[in-house]
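Enquirer: Chains as they are written, first to last, in our numbering: chain A, 150 to 568; chain B, 56 to 474.
Some hints here could point you the wrong way.
What the hints assert, rightly or not - Among the chain B residues that face chain A by a calculated CB cut under 7 Å, a handful are:
no. : residue
1   : Gly-233
2   : Asp-237
3   : Leu-284
4   : Pro-333
Said to hold, decoys possible - PhoX-like cross-link-like pairs, simulated, lysine-lysine; straight-line CA separation at most 25 Å:
no. : chain 1 : residue 1 : chain 2 : residue 2
5   : B       : Lys-250   : A       : Lys-389
6   : B       : Lys-290   : B       : Lys-250
7   : B       : Lys-474   : B       : Lys-440
8   : A       : Lys-154   : A       : Lys-258
9   : B       : Lys-250   : B       : Lys-60
10  : A       : Lys-389   : A       : Lys-329
11  : A       : Lys-219   : A       : Lys-534
12  : A       : Lys-534   : B       : Lys-197
13  : A       : Lys-488   : B       : Lys-250
14  : A       : Lys-175   : A       : Lys-154
15  : B       : Lys-81    : B       : Lys-156
16  : B       : Lys-60    : A       : Lys-384
17  : B       : Lys-290   : A       : Lys-384
18  : B       : Lys-290   : A       : Lys-534
Treat the hints as calculated values from the structure; they're not laboratory data.
Cβ atoms here follow ideal geometry from the backbone N, Cα and C, with glycine treated the same way.
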Amino acid sequence: MAADKWVYMVTAQTPTNIAVIKYWGKRDEVRILPVNDSISVTLDPDHLCTVTTVAVSPAFDRDRMWLNGKEISLSGSRYQNCLREIRGRAGDVEDKEKGVKIEKKEWEKLHLHIASHNNFPTAAGLASSAAGFACLVFSLAKLMNVNEDPSRLSAIARQGSGSACRSLFGGFVKWEMGSKEDGSDSVAVQLADEKHWNELVIIIAVVSSRQKETSSTSGMRESVETSLLLQHRAKEVVPKRILQMEEAIKNRDLASFTQLSCADSNQFHAVCLDTSPPIFYMNDTSHRIISLVEKWNRSEGTPQVAYTFDAGPNAVLIARNRKVAVQLLQGLLYYFPPKSDTDMKSYVVGDNSILKEAGLDGANSVENLQPPPEIKDNIGSQDQKGEVSYFICTKPGRGPIVLPDQTQALLDPETGLPK
Amino acid sequence: MATEKWVYMVTAQTPTNIAVIKYWGKRDEVRILPVNDSISVTLDPDHLCTVTTVSVSPSFDRDRMWLNGKEISLSGSRYQTCLREIRSRGGDVEDKEKGIKIEKKNWEKLNLHIASHNNFPTAAGLASSAAGFACLVFSLAKLMNVDEDSSQLSAIARQGSGSACRSLFGGFVKWTMGSKDDGSDSVAVQLADEKYWDDLVIIIAVVSSREKETSSTSGMRETVETSLLLQHRAKEIVPKRIVQMEEAIKNRDFASFTRLSCTDSNQFHAVCLDTSPPIFYMNDTSHRIISLVEKWNRSEGTPQVAYTFDAGPNAVLIARNRKVAVQLLQGLLYYFPPKSDTDMKSYVVGDNSILKEAGLDGANSVENLQPPPEIKDNIGTQDQKGEVSYFICTRPGRGPVVLPDQTQALLDPETGLPK
């Protein structure tokens with residue numbers, strides 16, 4: 150080929166995930182090996198996802214990456230580890246149509262351009278690192294024809310960001326802590342796919358936060374170093390919960406799923422509070438949401454909604470089915486109404502067809518909401534506008550996929566630069 | 056004497072106390088025996104106290120009690136237990152001046168009138184039960200000439216309210232959990248008196264709370280029943296902290312005192328969060344105060360202020376000395392100014408001579424405050440009026456005393472009814 154200017158690229162989409170049995174604490178900071186197993190639910194990438202385009206060309210003079218349109222540095226060890234591990238497993242690639250042929254041994258010398266985009270704001274605290282690193286690893290594996298299954302790829306994504314390993318699968322996923330020092334057995338495995346329990350509806354409350362939060366990486370390190378409760382949790386409590394949660398998922402047992410999710414979320418936050426200095430991820434709004442759900446579950450006899458919170462104030466609420474989700478949304482909008490003149494379609498995003506089912510698509514529909522009958526007035530009054538920035542309605546979703554449509558690529562196919 | 060109408064009475068004053076190594080969880084609900092030792096600081100009764108007048112007369116037809124002016128029932132087991140235990144220890148009493156003679160065996164047949172008054176609002180969440188039951192037991196012991204030392208009396212007060220046992224002494228007090236089933240060795244002992252470490256200045260921030268809080272009694276029971284972290288705390292962590300805290304007090308080692316107080320307060324709140332349903336006693340304001348203190352302590356190199364929170368959002372801040380307390384108060388008033396037109400003398404109560412030392416007694420003095428230099432702007436802005444209802448400035452204080460002055464009695468000496 151004349152003046153090797155070809156550009157070969159692949160675009161992929163990856164979901165994010167939310168842990169229901171939490172990862173918090175590493176036994177190895179370099180390889181990112183956790184002190185306990187964790188289990189997560191993958192969220193529907195139609196609503197929350199990362200799209201990444203990876204491109205290779207002899208014309209590229211160095212590795213470059215753009216995140217949400219802004220060029221970032223790839224020099225950090227997490228990116229370097231992922232790139233090195235993936236390159237080390239690259240295979241032969243041939244694209245007859247384009248006349249591109251890359252041999253295994255050439256990958257080391259070729260440079261990459263990477264563009265990645267989250268369809269949700271980073272400030273929303275919705276674990277963009279997990280989706281991001283999973284997408285990077287998945288798309289590079291596709292580009293370089295890496296012959297490894299998702300669990301083996303998850304071990305690479307793990308080294309970018311621990312929870313990223315769980316985004317290599319859809320549905321319900323477990324990250325096994327492993328026991329080897331090299332981390333080769335610290336991988337994600339799928340417990341059940343996204344269709345296994347597809348009645349579940351997930352509503353995320355994106356809670357307004359004044360505070361800059363402690364990063365997960367430094368927070369969990371401080372917990373490992375200073376919390377006297379963490380090791381007990383990791384060694385004695387979590388192993389049993391992991392077994393019980395696997396059973397609950399297998400049996401679609403929402404009562405157990407709820408009891409375990411809520412208890413583990415609270416214990417994770419308890420360990421953060423037991424850290425020195427103490428870490429507060431949840432705020433008064435988070436607590437009010439928990440109170441709402443706890444009271445409702447108790448009044449209904451059997452749990453209807455599970456809650457879980459990550460390293461931030463956002464609430465992830467998992468409803469038993471669509472009908473319950475509609476009632477939940479009505480209750481949430483009663484207690485956390487939007488500011489005046491807010492378009493409901495921007496206050497409830499994702500699958501906002503739920504607005505119509507909840508009777509909340511018309512004008513003044515929020516003012517007409519009745520207080521949920523089961524809940525005593527202990528939650529506070531309906532005057533907390535602005536506590537919740539917006540809601541996202543979603544569900545358990547599929548794992549990473551290639552996006553074959555060229556129009557979805559984030560890099561220009563001629564230049565390899567961001568469109 | 057003709058138609059026995061004599062009234063014999065005693066009035067006593069008792070302090071309240073704040074635990075620095077926390078009591079949370081009973082091994083025996085009836086005798087009120089805890090799952091671990093606890094250590095407290097007694098607060099100066101000049102600022103926070105309960106005054107109780109107890110009186111006896113053959114003309115009283117039944118036991119009666121008035122609390123803060125309102126008659127209450129004595130039928131509950133806690134009151135009944137205290138009354139029974141004290142009565143059975145009643146001795147011979149003679150008041151020659153009044154011509155009253157009561158033999159040991161008469162106490163069982165005589166009825167009591169009791170009036171009790173807290174000089175701080177119950178709604179302030181300042182542990183009025185502790186001071187209240189301690190005062191009841193102490194004043195009855197004086198009335199009935201009970202020949203028992205303060206530790207033995209504490210075992211009776213303990214059966215009214217666990218933490219009441221610690222209010223039988225001034226200064227620094229330990230409640231030894233004991234091991235006997237009958238609780239006779241679950242008593243309070245004094246570690247050091249109130250003069251021992253008299254540099255310490257205590258500032259309490261009474262935080263506004265919208266929420267009705269979970270009572271300590273039911274809260275700690277739920278924690279014992281549902282928290283998987285509590286037993287580990289009680290068996291493995293607290294015993295070591297008790298030994299270290301005794302050392303810290305003995306050596307007036309403020310750095311260790313601070314580290315232990317703060318971590319134990321946080322761990323207590325952590326096990327509350329690990330309860331099902333979770334219990335949130337601290338709120339966003341409590342967290343902001345903690346952030347303020349943590350940042351300040353770290354910027355100074357060696358800790359200046361310890362914090363601790365009980366079963367509510369109020370912050371109890373213990374400053375190394377007066378100078379530090381003045382700086383602390385200035386920082387607190389900067390971040391938590393009073394609402395406009397608030398008289399400073401009602402915003403900082405107790406020992407409010409500190410206002411003058413802090414330059415905060417003049418008009419507009421709060422507006423003129425500078426932000427504390429050490430603290431980055433991560434606490435939030437100076438626009439949180441009303442988050443703190445008021446502050447109390449106090450210090451470690453003495454134990455219970457008899458008030459011999461008749462004008463301080465709460466019951467009329469003729470009728471035995473509330474004045």
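Enquirer: Indicate, hint by hint, whether the structure satisfies it.
Expert: Quick rundown of the hints versus the structure:
1. Gly-233: violated (24 Å)
2. Asp-237: Where the cut-off is 7 Å and the nearest Cβ of chain A is about 32 Å from B:Asp-237, the hint is violated.
3. Leu-284: Check passed: Cβ of B:Leu-284 comes within 5 Å of chain A, closer than 7 Å.
4. Pro-333: holds (5 Å)
5. B:Lys-250 to A:Lys-389: With Cα atoms ~51 Å apart, B:Lys-250 and A:Lys-389 exceed 25 Å; violated.
6. B:Lys-290 to B:Lys-250: violated (32 Å)
7. B:Lys-474 to B:Lys-440: Not satisfied, since the Cα-Cα distance of roughly 39 Å exceeds 25 Å.
8. A:Lys-154 to A:Lys-258: holds (15 Å)
9. B:Lys-250 to B:Lys-60: It is violated: about 43 Å lies between the C-alpha atoms, which goes past 25 Å.
10. A:Lys-389 to A:Lys-329: Holds - the C-alpha atoms of A:Lys-329 and A:Lys-389 are around 21 Å apart, at most 25 Å.
11. A:Lys-219 to A:Lys-534: It is violated: about 33 Å lies between the C-alpha atoms, which goes past 25 Å.
12. A:Lys-534 to B:Lys-197: Distance of about 57 Å is beyond 25 Å: violated.
13. A:Lys-488 to B:Lys-250: This hinted pair is violated, its Cα atoms lying about 56 Å apart.
14. A:Lys-175 to A:Lys-154: violated (44 Å)
15. B:Lys-81 to B:Lys-156: violated (41 Å)
16. B:Lys-60 to A:Lys-384: Given pair B:Lys-60, A:Lys-384 is violated - Cα atoms ~69 Å apart, limit 25 Å.
17. B:Lys-290 to A:Lys-384: Answer holds: B:Lys-290 to A:Lys-384 is near 17 Å, not above 25 Å.
18. B:Lys-290 to A:Lys-534: It is violated: about 45 Å lies between the C-alpha atoms, which goes past 25 Å.
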